[in-house]
Amino acid sequence: MRQLQPVRDDLPRVCDLQRGRRRGDRGGVVVKADPAGVLTGAHYLDGDFACGEGAMAAGCRFVAGYPITPSTEVVERISRRFPVMGGTFIQMEDELASMAAVVGGSWTGTKSMTVTSGPGFSLMMENIGLAAMMETPCVVVNVQRGGPSTGLPTMVGQADVMQARWGSHGDYEIIAMSPQSPQEAFDLTIDAFNLSEIYRVPVMFLMDEIVGHMTERVMIPPAEEIEVIPRALTAKTREEFLPYQINGKPTPEFARAGDGYRFHTTGLTHDERGYPVMSAECQETCVRRLLDKITDNVDEIVRFEEEATDDAEVVVVTYGITARVARLAIDMARRRGVKVGSLRLIVIWPFAEKRIRELAGKVGAIVVPEINYGQLVLEVERCAGGKCPVLPVSHGGGSVHDPAVIAEVIAQAAAAAA
Amino acid sequence: MSENKVGTRTDFPPTPPEFLPDAVSEHPPEHPVTPYLRMERIPHVWCPGCGIGTVVKCFASALERSGADLDKVSVVSGIGCSGRAAGYLKLDGFHTTHGRAIPFATGLKLGRPELEVAVFSGDGDLSGIGGNHFIHAARRNMDLLVILINNFIYGMTGGQNAPTTPLTAKSSTMPFGNFEEPFNIPHLAASCGAPYVARWTCLHIRRLTWAIEEALDRKGFRLIEVIAPCPTLYSRLNKLGTGLNGMRFYHDNAEIRHGADTRELDIDFQKSITCGKFVDEQKPTFLDRMDEHYGRVLGDKYVPMPVEGGWLQ
Ligand code: SF4
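Residue numbers (this note's numbering), protein chains in the order written: chain E, 1 to 418; chain H, 1 to 313.
Some hints could be false.
Stated by the list, open to error - Here are the computed lysine-lysine pairs in the DSS-like style, where the Cα-Cα straight-line distance is at most 30 Å:
(1) H:Lys57 with H:Lys271
(2) H:Lys90 with E:Lys249
(3) H:Lys239 with H:Lys219
(4) E:Lys249 with E:Lys236
(5) H:Lys271 with E:Lys236
(6) E:Lys362 with E:Lys387
(7) H:Lys239 with H:Lys283
(8) E:Lys236 with E:Lys293
(9) H:Lys283 with E:Lys249
(10) H:Lys72 with H:Lys271
(11) E:Lys362 with E:Lys339
(12) E:Lys354 with E:Lys387
(13) E:Lys32 with E:Lys249
(14) E:Lys236 with H:Lys283
(15) H:Lys271 with E:Lys32
Unchecked claim - Listed next, with one range per pair, are the computed distances between beta-carbon atoms:
(16) E:Glu272 with H:Pro48: 43 to 49 Å
(17) E:Glu284 with H:Leu298: 32 to 38 Å
(18) H:Glu281 with E:Arg217: 50 to 56 Å
(19) E:Ile246 with H:His251: 37 to 43 Å
(20) H:Gly299 with E:Thr40: 41 to 47 Å
(21) E:Glu272 with H:Gly241: 48 to 54 Å
(22) E:Glu284 with H:Val303: 18 to 24 Å
For the record, the hints were derived by calculation from the structure and aren't laboratory data. All residues carry an ideal CB built from backbone N, CA and C; glycine is no exception.
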């Protein structure tokens with residue numbers, strides 16, 4: 001068995017990176033985590049458990065889910081820990097119900113999450129659209145497996161990347177992120193909750209089966225070192241408050257059910273009162289803003305990690321577990337004398353379009369290994385816009401890539417570019 | 001917030017008023033349920049003679065009589081003609097996806113247990129596409145008041161067959177008459193364990209109001225089925241006349257049998273409709289059971305979710 005490359009210790013942890021960046025964003029509206037949800041210390045956890053711990057540290061106190069491999073350990077962890085911290089887990093009758101309950105739960109101000117894998121993710125799509133339309137903060141964890149259909153329930157896949165972006169009908173924007181290790185599963189889950197609060201969108205947490213099931217050391221800091229963005233409740237009176245009035249901000253102010261605002265919200269196209277209005281003009285203002293609140297803030301949301309791209313002839317773009325496999329391939333190619341750099345996407349959607357455009361103008365080729373037959377590579381190709389060739393290294397799932405195959409493609413790309 | 005407590009429960013069932021005002025003024029007084037409605041959204045979308053508006057009115061009157069704190073009442077609807085009800089009631093209102101009103105309401109209840117959550121939707125929404133959620137919420141005894149308006153048809157999409165369409169009745173997708181066995185809704189709820197099950201028609205305005213008032217006072221999964229006319233589609237396709245003809249039919253054919261065996265509550269095409277309260281019992285709800293169980297197993301370590309919702313900051 002080939003050893004996976006360990007995550008490099010000298011790189012700053014994602015959580016640290018975000019903390020620096022986030023402070024400015026919200027003028028100090030960050031709070032320390034609730035100690036009840038934080039299991040401070042060094043642990044050996046698999047990615048699923050680490051994700052569950054991240055959610056509890058982020059303040060999540062309502063989880064509705066339906067069992068599906070390989071995601072179930074997340075809710076198993078949560079169902080064991082919630083009763084001692086004032087949280088409720090309910091195993092719903094199916095994924096449609098789970099996602100609907102999460103949207104309902106979030107409207108009470110309680111941070112809410114659901115957990116699933118590919119086929120369940122498909123079933124959640126209708127209510128993910130509802131969450132997007134109602135602007136409901138929530139987190140949807142998808143531990144990806146091989147597909148389509150029932151596919152490979154216990155084996156790895158990365159083929160839900162496009163489903164995460166486009167799965168529900170209509171136009172909307174979401175945020176999707178992908179961890180490469182259990183440590184990141186912890187750190188990034190907190191980040192996912194924070195981003196969902198800032199932009200009032202469902203955040204897709206795209207793990208893959210291997211990250212979900214690999215066990216590594218996970219450092220959980222003390223509660224006072226974890227910064228959490230709380231639900232920002234409106235301070236307006238009932239008379240002044242309109243649920244979808246924005247006043248120049250990217251998102252409207254939030255009122256939770258039961259606080260006396262007696263607001264209305266709907267999945268229909270609505271005006272700022274939340275009332276349905278069936279017109280092209282209302283569709284334009286209502287839906288346009290759902291897109292703008294993300295697209296106008298791409299620089300704040302996008303996170304990636306770059307290595308040796310300054311003088312690279314070839315750049316490898318990766319995410320999730322493939323990033324760690326590709327690291328071996330990159331080392332092999334370097335030993336063969338290829339100048340190869342790496343761009344690891346931490347946030348997948350919105351896409352790191354600007355950076356990929358820049359890189360495409362400088363390098364000879366971009367190589368995109370991913371565990372599917374070509375999803376994210378299409379987006380890279382679009383951004384490269386013909387400035388350099390973009391080579392997929394496709395793999396249908398069930399295992400990770402053979403690094404030698406990626407190394408070979410890197411070498412060929414370098415030779416062709418020279 | 002005590003100023004929101006409107007009406008107080010005094011006598012039950014109430015004494016009817018002794019006289020009706022006969023003055024027809026040019027400026028009629030405000031309708032008593034106006035404060036419960038989003039008047040800026042009136043006129044509503046429902047057809048003349050439709051039964052849904054009557055049920056909304058009964059719900060509003062029941063809220064007034066119950067003395068419930070309206071700030072804490074949420075109403076959740078799915079999709080369809082009845083699904084629009086959440087948009088007209090001046091409460092925290094959620095108009096959700098087709099069939100998913102019950103799980104959405106479940107999230108609201110569990111996210112903030114102090115809320116009184118009412119689900120107000122149609123037969124197609126709750127028993128067709130949402131059938132699975134309906135039976136599981138009843139099985140768990142989730143603390144929801146479910147008002148299911150049964151007009152035997154899919155109204156908003158144009159009169160297609162519903163899981164409640166009586167045998168031989170016509171619908172736009174059963175143009176030669178329905179041959180599928182319909183649901184007996186009260187029996188479905190009761191057999192899944194619902195502790196409060198009643199059925200009324202739109203003609204039974206007072207009884208329906210009292211039933212809703214009574215159900216607001218209970219806990220657990222409370223189902224009230226309301227038989228409502230859909231003159232635009234069901235009655236037209238079946239040549240049953242106007243909304244008024246529907247009311248006359250209820251008047252002549254509704255039979256009140258409290259405590260009737262729910263197995264006998266099937267509705268045949270244009271035959272009698274059994275109404276009444278069929279089940280009314282006390283049972284621990286999902287949250288009662290959860291608290292009791294964790295309290296017993298975990299003792300002092302158990303931290304229930306605060307009634308006002310999960311950790312905010
Ligand atoms: S179509 Fe039928 S149910 Fe719908 S509003 Fe009209 S009468 Fe009522």
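Structure-based check of each hint:
no. : hint                               : result
1   : H:Lys57 with H:Lys271              : holds, 27 Å
2   : H:Lys90 with E:Lys249              : holds, 27 Å
3   : H:Lys239 with H:Lys219             : violated, 41 Å
4   : E:Lys249 with E:Lys236             : holds, 15 Å
5   : H:Lys271 with E:Lys236             : violated, 54 Å
6   : E:Lys362 with E:Lys387             : holds, 9 Å
7   : H:Lys239 with H:Lys283             : violated, 44 Å
8   : E:Lys236 with E:Lys293             : holds, 22 Å
9   : H:Lys283 with E:Lys249             : violated, 48 Å
10  : H:Lys72 with H:Lys271              : violated, 40 Å
11  : E:Lys362 with E:Lys339             : holds, 13 Å
12  : E:Lys354 with E:Lys387             : holds, 14 Å
13  : E:Lys32 with E:Lys249              : holds, 24 Å
14  : E:Lys236 with H:Lys283             : violated, 40 Å
15  : H:Lys271 with E:Lys32              : violated, 65 Å
16  : E:Glu272 with H:Pro48: 43 to 49 Å  : violated, 31 Å
17  : E:Glu284 with H:Leu298: 32 to 38 Å : violated, 53 Å
18  : H:Glu281 with E:Arg217: 50 to 56 Å : holds, 54 Å
19  : E:Ile246 with H:His251: 37 to 43 Å : violated, 52 Å
20  : H:Gly299 with E:Thr40: 41 to 47 Å  : violated, 24 Å
21  : E:Glu272 with H:Gly241: 48 to 54 Å : violated, 43 Å
22  : E:Glu284 with H:Val303: 18 to 24 Å : violated, 47 Å
The structure is inconsistent with the numbered hints 3, 5, 7, 9, 10, 14, 15, 16, 17, 19, 20, 21 and 22, although it conforms to all the rest.
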